[in-house]
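Keeping their order, the protein sequence lines are chains A and B. Residue 237 in our numbering sits at position 237 of the first sequence, with consecutive numbering throughout. Count along the second sequence from 1, then add 1000; that gives the number in our numbering.
Incorrect hints may appear among the rest.
[What the hints assert, rightly or not] EDC-like, lysine to aspartate or glutamate: derived pairs with alpha carbons at most 16 angstroms apart: (1) A:181 with B:1220; (2) B:1285 with B:1265; (3) B:1079 with A:244; (4) B:1087 with A:186; (5) B:1261 with B:1214; (6) B:1278 with B:1214; (7) B:1083 with A:186; (8) B:1190 with B:1179; (9) B:1092 with B:1051; (10) A:181 with B:1051; (11) B:1080 with A:244; (12) B:1261 with B:1240; (13) B:1087 with A:188; (14) B:1134 with B:1111; (15) A:197 with B:1107; (16) B:1080 with A:186; (17) A:19 with A:186; (18) B:1118 with A:244; (19) B:1083 with A:188.
[As the list claims (entries may be wrong)] Pair ranges (Cβ atoms, derived): (20) A:249 with B:1083: 53 to 61 angstroms; (21) B:1121 with A:203: 19 to 27 angstroms; (22) A:162 with B:1141: 54 to 62 angstroms.
Don't read these hints as lab results, they were simulated from the structure. C-beta atoms are modelled at their ideal positions from N, C-alpha and C, and glycine is treated no differently.
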Amino acid sequence: MLSDITFGQYYPASSFVHKMDARIKLLLLIAYIVLVFVVKNFYGFLVVYGVLLFLTLLAKVPITSLIKSASAVVFIIIFTFILNIFFYKTNNPTYLFWIITKEALEFSTFMALRLLALVFFSMLLNLTTTPVALTDGIESLLKPLKVIKFPVHELALVMSIALRFIPILMSEADRIIMAQKARGADFESGNLLKRAKAMLPVLIPLLISSFRRAEELGDAMDSRCYSSSSKRTKFRKLKAGWRDLVAVIFTAIIFTAVILLNNYVGGLV
Amino acid sequence: MQIISKGLKFTYNKKTEFKRQALNGVDLTINEGDFFGIIGQTGSGKSTFIEHLNGLIPVESGELTIGEFDLSVSAQKPKKAYKERLKLLRRKVGMVFQYPEYQLFAETVFEDVAFGIKNFFPEIEGEQLALKVKNALELVGLNYYEVKDKSPFELSGGQKRRVAIAGVLVLEPEVLVLDEPVAGLDPVGKRNLMELLHSLHGTVLKTIVIVSHDMDEVSENCNRVAVFSDGVAVKVDTIENIFADVDFLVKHGLELPLTAKIKEDLKAVGVDIITDYKIDNLIEKIYKNYKG
Ligand SMILES: Nc1ncnc2c1ncn2[C@@H]1O[C@H](COP(=O)(O)OP(=O)(O)OP(=O)(O)O)[C@@H](O)[C@H]1O
Ligand SMILES: [Mg+2]
């Protein structure tokens, strides 16, 4: 079923990582993304994946859900891997077999590891942070942009509504699919065009109901006098605490370690 | 077609952290000719159960047979033959979901009602198709010439629901399963729809199964009832026996129908009436009792 897809789903648990401030987690995610690009050799990746494993255990999220999330991007990873293998060029390559060189193989593996680590880190954030906390965090981090009249609050609102509506629309799609199947709709056979056409009886009611929901939500917000211009307070205040300090220090240590490894062991790329 | 379910179990999101056992061994039999009611608290598994009845949810464990169709796990292979049989089954068991008007999609009412025919009987076309659509729309009390070229989205809520039901009836199923058919309708709309189902029962449709939260509707129309609780059919019995056991109903969080309330009130003042919980019969009984 559609609603089985776990991509971007919060995993409820009570852990060190869950309890961290969403803003700090977002900033640290950026730090780790940078780190993944700083890494120059396989030892660095040993550290990165070690950190990933450690954080996963610390966050008490099942490793399987992390791996499952990677399946959504596995196609892209394989695709870039293959492209890299054939198109990576060096000056004096060592041929392994056919046109495959040792350097290209190393480089492709390296890039695949890089991509995978990116996905894992972002997924870890998704699994341990509620969508609401996430948008609150983004809003808070983007606040400085208000100076140049950027609609930060509206953007955050649109994001949180969109995130909230994804599971609702998924389960609604499930229901409509069932209803049309009961009337003999067949979504599984025929060529691509036929299948796309078969989805119309699902997409149209879905589109209509999302308009209906949007209108209802708008009415509900209006009737409670919602306005984004007024100064509002938060129900849940984001607060950084000792955990966040520990996490920042930990990240700094890892960063230093990777840079040292780069310098002493040397680079692959 | 007789529907027999034995030890039917089902778990949502089975292999994830969000798994939830919705059916926990359902045993029940629905006979041909029944106007069968399924009642129970919210979340007790009613909808999950009926979605099994035409294979929308494949049986996971336990046995389920609908007439000559065996849907049990052991009968799901080979896959191709199973799929073919599912197609046959879906023609015979019509399914009307809760708020069926939200599944309308076509440009005209005619197209929407004809959708099932086009899927199941692509050879039916032209006048023959028009005749079938006309029949179905008239069955649900709509004027064919008035509505056929309208967009389904410009109809009223009650009319939309009728169109959606016509879209299922057009396949001339033997069994019609409805999930809370009158939810969200006004009292007149409710009564009209129930009267419509009543008139279809025994004529166009052999068996009707409804899921309902409205006990009056159940007591007035059904002959047999299953009470669901925590994914189990805790009681399957006739109307008379179900509504006579007040403690049992209260225990499972269910209301009494109006007729049962009247009966209980009368009992409290020393008048014991044997009733089948249909309002007209009860009034007649009380009247006789009063005269006698
Ligand atoms: N698509 C789904 N994914 C996960 N869990 C589900 C899904 N559908 C239903 N459930 C769960 O299965 C259980 C049974 O649900 P079901 O819809 O069958 O109940 P119901 O008796 O029809 O309730 P209601 O009277 O509210 O319609 C509930 O606990 C529900 O939370
Ligand atoms: Mg239900």
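Verification of the hints:
1. Only pairs whose Cα atoms come within 16 angstroms are accepted, and residue 181 of chain A paired with residue 1220 of chain B is rejected, the gap being roughly 31 angstroms.
2. Of the supplied pair hints, the one linking residue 1285 of chain B and residue 1265 of chain B holds, its CA atoms being roughly 15 angstroms apart against a limit of 16 angstroms.
3. For the hint linking residue 1079 of chain B to residue 244 of chain A, the alpha-carbon distance of about 53 angstroms lies beyond 16 angstroms, and the restraint is violated.
4. Between residue 1087 of chain B and residue 186 of chain A, the direct Cα distance comes to roughly 10 angstroms. Compliance with the 16 angstroms bound is thereby established for this hinted pair.
5. Of the pairs offered as hints, the one joining residue 1261 of chain B and residue 1214 of chain B holds, with about 14 angstroms between alpha carbons and a cut-off of 16 angstroms not exceeded.
6. Of the supplied pair hints, the one linking residue 1278 of chain B and residue 1214 of chain B holds, its CA atoms being roughly 14 angstroms apart against a limit of 16 angstroms.
7. Straight-line distance between C-alpha atoms of residue 1083 of chain B and residue 186 of chain A comes to about 11 angstroms, which keeps the hinted pair within the 16 angstroms bound.
8. In summary, the hint linking residue 1190 of chain B to residue 1179 of chain B is supported, as the alpha carbons are separated by about 14 angstroms, within the 16 angstroms threshold.
9. This hinted pair checks out: residue 1092 of chain B and residue 1051 of chain B have alpha carbons roughly 14 angstroms apart, not beyond 16 angstroms.
10. Annotation: proposed proximity of residue 181 of chain A to residue 1051 of chain B holds, straight-line Cα distance about 11 angstroms (limit 16 angstroms).
11. Taken as a hint, the residue 1080 of chain B and residue 244 of chain A pair is broken in the structure, with Cα atoms around 56 angstroms apart against an allowance of 16 angstroms.
12. Of the supplied pair hints, the one linking residue 1261 of chain B and residue 1240 of chain B holds, its CA atoms being roughly 14 angstroms apart against a limit of 16 angstroms.
13. A C-alpha spacing of about 13 angstroms is found between residue 1087 of chain B and residue 188 of chain A, which places the hinted pair at or below 16 angstroms, so the restraint holds.
14. A hinted pair counts as satisfied when its Cα atoms are at most 16 angstroms apart, and residue 1134 of chain B with residue 1111 of chain B qualifies at roughly 12 angstroms.
15. Distance restraint check for residue 197 of chain A and residue 1107 of chain B: the Cα-Cα separation of roughly 15 angstroms lies within the 16 angstroms cut-off, and the hinted pair is therefore satisfied.
16. Distance restraint check for residue 1080 of chain B and residue 186 of chain A: the Cα-Cα separation of roughly 14 angstroms lies within the 16 angstroms cut-off, and the hinted pair is therefore satisfied.
17. Between residue 19 of chain A and residue 186 of chain A the CA atoms are separated by roughly 46 angstroms; this puts the pair beyond 16 angstroms, and the hint is violated.
18. Taking the CA atoms of residue 1118 of chain B and residue 244 of chain A, the gap is near 61 angstroms; set against the 16 angstroms cutoff, the hint is violated.
19. For a cut-off of 16 angstroms, the pair hint linking residue 1083 of chain B to residue 188 of chain A stands: about 11 angstroms separates their Cα positions.
20. As the Cβ distance of residue 249 of chain A to residue 1083 of chain B is approximately 59 angstroms, the hint placing it in 53 to 61 angstroms holds.
21. The hint said 19 to 27 angstroms for the Cβ distance between residue 1121 of chain B and residue 203 of chain A, and at roughly 24 angstroms that hint holds.
22. Restraint check, residue 162 of chain A to residue 1141 of chain B: a C-beta distance of roughly 41 angstroms breaks the suggested window 54 to 62 angstroms.
In this structure, the earlier hints numbered 1, 3, 11, 17, 18, 22 are contradicted, and the remaining ones agree with it.
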